[in-house]
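> Given only the sequences and the hints, what does the whole structure look like? Please build it.
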Amino acid sequence: MRLKKISLASFRNLQKVELEPGARFNILYGNNGQGKTNLIEAIYLLGTLKSFRLAKNSELMTWGTPFALVKGMVEHEGVDREIALVVEREGKRVRVDQKTIARPADFFGSLNVVVFSPDEMAMAKGGPDVRRRYLDRAVFSGDAAYLGFFHDYSRVLKNRNALLKKDDNDGLDVWSEKLAEAGTRLIARRIGFLREIEGLLREFYRSISGNGEDVGIAYRPHLLDRERLPAEGTTLLLEGLARTAAEERRTGATAVGPHRDDVEFILNGRALKQYASQGQQRSFILALKMAEIEYLRRKFDSPPILLLDDMTSELDRERNRNLMEFLKQKEIQVFITTTSLQNLRLDGIDNHRTFLVSDGEVSQQR
Amino acid sequence: MVHNSRSLTKLVGELKKLPGVGEKTALRLAFHLMKSPANVSALAESLLEVRARVRFCSTCFGITENDPCSICTGDRDSSAICVVEESQDLLAIERSGAFHGRYHVLQGALSPLNGVTPAQLRISELMRRIEAGGVREVVLATNFSVEGEATALYLTKLLKPLGIRVTRLAHGIPLGGDLEYIDAATVQRAMEGRSEL
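In order, the protein sequence lines correspond to chains A and B.
So the first sequence is residues 1 to 366, counted in this note's numbering.
So the second sequence is residues 1 to 197, counted in this note's numbering.
Everything labelled a hint here was simulated from the structure, so no lab data went into it.
Treat the numbers as computed from the prediction; the structure is a model and nothing was measured.
All C-beta atoms, glycine included, are put in the ideal place defined by N, C-alpha and C.
It cannot be assumed that every hint is accurate.
[What the hints assert, rightly or not] Selected chain B positions facing chain A (Cβ under 10 Å, derived; list incomplete):
1. Leu113
2. Gly115
3. Thr117
4. Pro118
5. Ala119
6. Asn143
7. Val146
8. Lys157
9. Thr186
10. Val187
11. Gln188
12. Arg189
Now the structure itself:
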């Protein structure tokens, strides 16, 4: 997959921007606050319809304008498609080749993007919610049905929580069963995804660390026996809900389920969070992102686009070289933001385009 | 706000309350009505007439002009009751001609989020009909939404112990539907619910 053209209108501080990225490395440089990450965000939005900064629609528009427009020409398997996204206060509208897309699922796979930013580097140390969000996003990127199941689960959860807060709990058993059923659907897909990428993760980590260290990634359900998941998911969730009934009455919130689960990063059989050095943690996350890219490449028979936001300070020389080598080998189109061209290590990378981002204007440098 | 006419502004405001009607449609309807006075009186009369004559059947809680309704009093199979959320659902099943029993309209679906608990639905009335005897099967035809599914499960738990047959409408790929056009979630659910031939 490759983005051949992108144009923006009144998108955050980018009033009117048009650029033709190169097939491989695209470097967006400029001082902080000039609009580099906004440009990356627009590309991400074009692929996922969501902001990786979790921004509201109104925040995506230039102050005082009624809408923002992002348009891109995407090449996939030799065919060019035009994706046009209009962001308005009330919602987003997408057209692919001038045809309106009614359901998000129909849009699935039009432009696959993977973002890698310091926020994700922090994933190893952060709370479970950060890793859960990452996991859900990654599972959805390869499985169009996941979004619908996710919404169903959220709806059951909200209903159940609303009921827990009432004095009359009539029907709670029904919502528990529905929660267990919808929850198992999510858990099964999350575990399936982790199993698929674990092998890739291990392989990439070895190539980065260059030693015999072994890594793993495992689903860590909250208060449930992970060995019996996902096969006995429904039973386990129902048992878990029964065990936590007293706590639930007190807090008015569902105590077990995929909304409380976590993902464990493992190094040599131990938790990465407690036992790994900063360097090992960075290598792990880097290998995880590589695994995610490779997973999508196999799934869609074409590599996703990688957005590297402000990563120059996060990766040292050796890890940077590793990543660049990987991206070169897999023929991946990359967008890199940086404040300084000197800090960017482009050893052996000849095929790149450079764009200066300054005060909301983007210009290609020759 | 319609320039120079408070009554027209009010009409547009009332029309806008209707489902699926926004500002533009409301204006278009209002202007259309103004141009055809004969239609206006006919429309106003039928609105008032519906208001005066249509009520809920005291047995099945579907809409009717005669209480009990013709389905409840007719010679239909009284051993089967089809449970639906709203009267519109009843009409949809009637149009299909696939069901020859009687109905029960719950007037909603369980949704604690929107404050709808079992007490707000016509569930106790359904149970009384079944206690009166003669019902052998209850067909659950609530919607396939999160709330409709929960309602069906709630009713199943009440009805099963009574020893009656409880069935649920099948769901999955629509008839004449091309698989390639069906969304992935529906296909995955249909695969889960596949049946042996």
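> With reference to the structure, classify each hint as holding or not holding.
A quick look at each hint next to the structure:
{"no.": "1", "hint": "Leu113", "result": "holds (5 Å)"}
{"no.": "2", "hint": "Gly115", "result": "holds (8 Å)"}
{"no.": "3", "hint": "Thr117", "result": "holds (6 Å)"}
{"no.": "4", "hint": "Pro118", "result": "holds (5 Å)"}
{"no.": "5", "hint": "Ala119", "result": "holds (7 Å)"}
{"no.": "6", "hint": "Asn143", "result": "violated (13 Å)"}
{"no.": "7", "hint": "Val146", "result": "holds (4 Å)"}
{"no.": "8", "hint": "Lys157", "result": "holds (7 Å)"}
{"no.": "9", "hint": "Thr186", "result": "holds (8 Å)"}
{"no.": "10", "hint": "Val187", "result": "holds (7 Å)"}
{"no.": "11", "hint": "Gln188", "result": "holds (5 Å)"}
{"no.": "12", "hint": "Arg189", "result": "holds (8 Å)"}
In the structure shown, a violation is registered for the earlier hint numbered 6 alone.
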